[in-house]
Amino acid sequence: EADIYQTPRYLVIGTGKKITLECSQTMGHDKMYWYQQDPGMELHLIHYSYGVNSTEKGDLSSESTVSRIRTEHFPLTLESARPSHTSQYLCASSGNRDRETSGTTDTQYFGPGTRLTVL
Amino acid sequence: KNQVEQSPQSLIILEGKNCTLQCNYTVSPFSNLRWYKQDTGRGPVSLTIMTFSENTKSNGRYTATLDADTKQSSLHITASQLSDSASYICVVSDRGSTLGRLYFGRGTQLTVWP
Chain A
2 EADIYQTPRY
12 LVIGTGKKIT
22 LECSQTMGHD
32 KMYWYQQDPG
42 MELHLIHYSY
52 GVNSTEKGDL
62 SSESTVSRIR
72 TEHFPLTLES
82 ARPSHTSQYL
92 CASSGNRDRE
102 TSGTTDTQYF
112 GPGTRLTVL
Chain B
22 KNQVEQSPQS
32 LIILEGKNCT
42 LQCNYTVSPF
52 SNLRWYKQDT
62 GRGPVSLTIM
72 TFSENTKSNG
82 RYTATLDADT
92 KQSSLHITAS
102 QLSDSASYIC
112 VVSDRGSTLG
122 RLYFGRGTQL
132 TVWP
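Protein sequence lines, in the order shown, are assigned to chains A and B.
Going by this note's numbering, the final residue of the first sequence carries number 120, and the count climbs one at a time with no gaps.
Going by this note's numbering, the final residue of the second sequence carries number 135, and the count climbs one at a time with no gaps.
Calculated directly from the structure, the hints in this document are not laboratory data.
Just so you know, not all the hints are guaranteed correct.
As the list claims (entries may be wrong) - Listed next, the stretches of chain A that the computed footprint assigns to chain B, with coverage defined by at least 3 CB atoms under 8 angstroms from CB atoms of chain B:
1. 74-80
2. 107-120
Unchecked claim - Computed far set for chain A versus chain B, every beta-carbon distance over 10 angstroms:
3. Leu12
4. Gly15
5. Ile20
6. Thr27
7. Met28
8. Thr56
9. Lys58
10. Ser62
11. Ser65
12. Ser68
13. Arg69
14. Arg83
15. Pro84
16. Thr87
Each residue gets a CB set at the ideal place from its N, CA and C atoms; glycine is no exception.
So here's chain A without its partners, still in its complex pose (with noise of 0.2 angstroms):
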């Protein structure tokens, strides 16, 4: 079963709407991500956030906002959506305890996205 939840999975919404994606995780991980993806392509990183009102922007310059008042809660917002924002967005979290190596490598463990249609 899942750990990490994406809400809305599919959205299509007209330019100039304001919008939230939901990112919720239960694994009490402290670090959590936004990725952006486009089809055929890799993901890049836009917000991540080491904790509780830690937010970062990523190496992909990006017009959305994050906020991490929870833990386990991470949403990412577009006040103004535009055409060039279509596209996928997958929330990742990770913890210092992993759960496949038992070690502290970090594994980033992936939510289903979403996927965006501005039009």
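Based on the hints, put chain B in the right spot on chain A.
Chain B alone, transformed into the frame defined by chain A:
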């Protein structure tokens, strides 16, 4: 420049056949390398993770190899199944920051035909 290159870009094989996917990277300093499987419309799921000292690691029908000297990795899939159809992404992590910066390849799109 830190990069991850994957080949081939796409691959079609018949069910039951084996295949090998390649990953070359220039990331330095190296921390670990992961292979992820991403089904269409879903988030990536980790298949294997290897650190500098590991040469090979298996997960069922998936076997990953790592040559840290030549900075190459491969993912071998044995006795392919229709459910193996997906994008396979090579991800390399560096040791240059607390975040453990990840570098993603563009993936190899594998299609398994019956």
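Here's how the hints hold up against the structure:
no., hint, in the structure
1, 74-80, "violated (count 0)"
2, 107-120, "holds (count 9)"
3, Leu12, "holds (13 angstroms)"
4, Gly15, "holds (23 angstroms)"
5, Ile20, "holds (19 angstroms)"
6, Thr27, "holds (15 angstroms)"
7, Met28, "holds (13 angstroms)"
8, Thr56, "holds (13 angstroms)"
9, Lys58, "holds (12 angstroms)"
10, Ser62, "holds (17 angstroms)"
11, Ser65, "holds (18 angstroms)"
12, Ser68, "holds (19 angstroms)"
13, Arg69, "holds (15 angstroms)"
14, Arg83, "holds (23 angstroms)"
15, Pro84, "holds (21 angstroms)"
16, Thr87, "holds (15 angstroms)"
The structure is inconsistent with hint 1 alone, although it conforms to all the rest.
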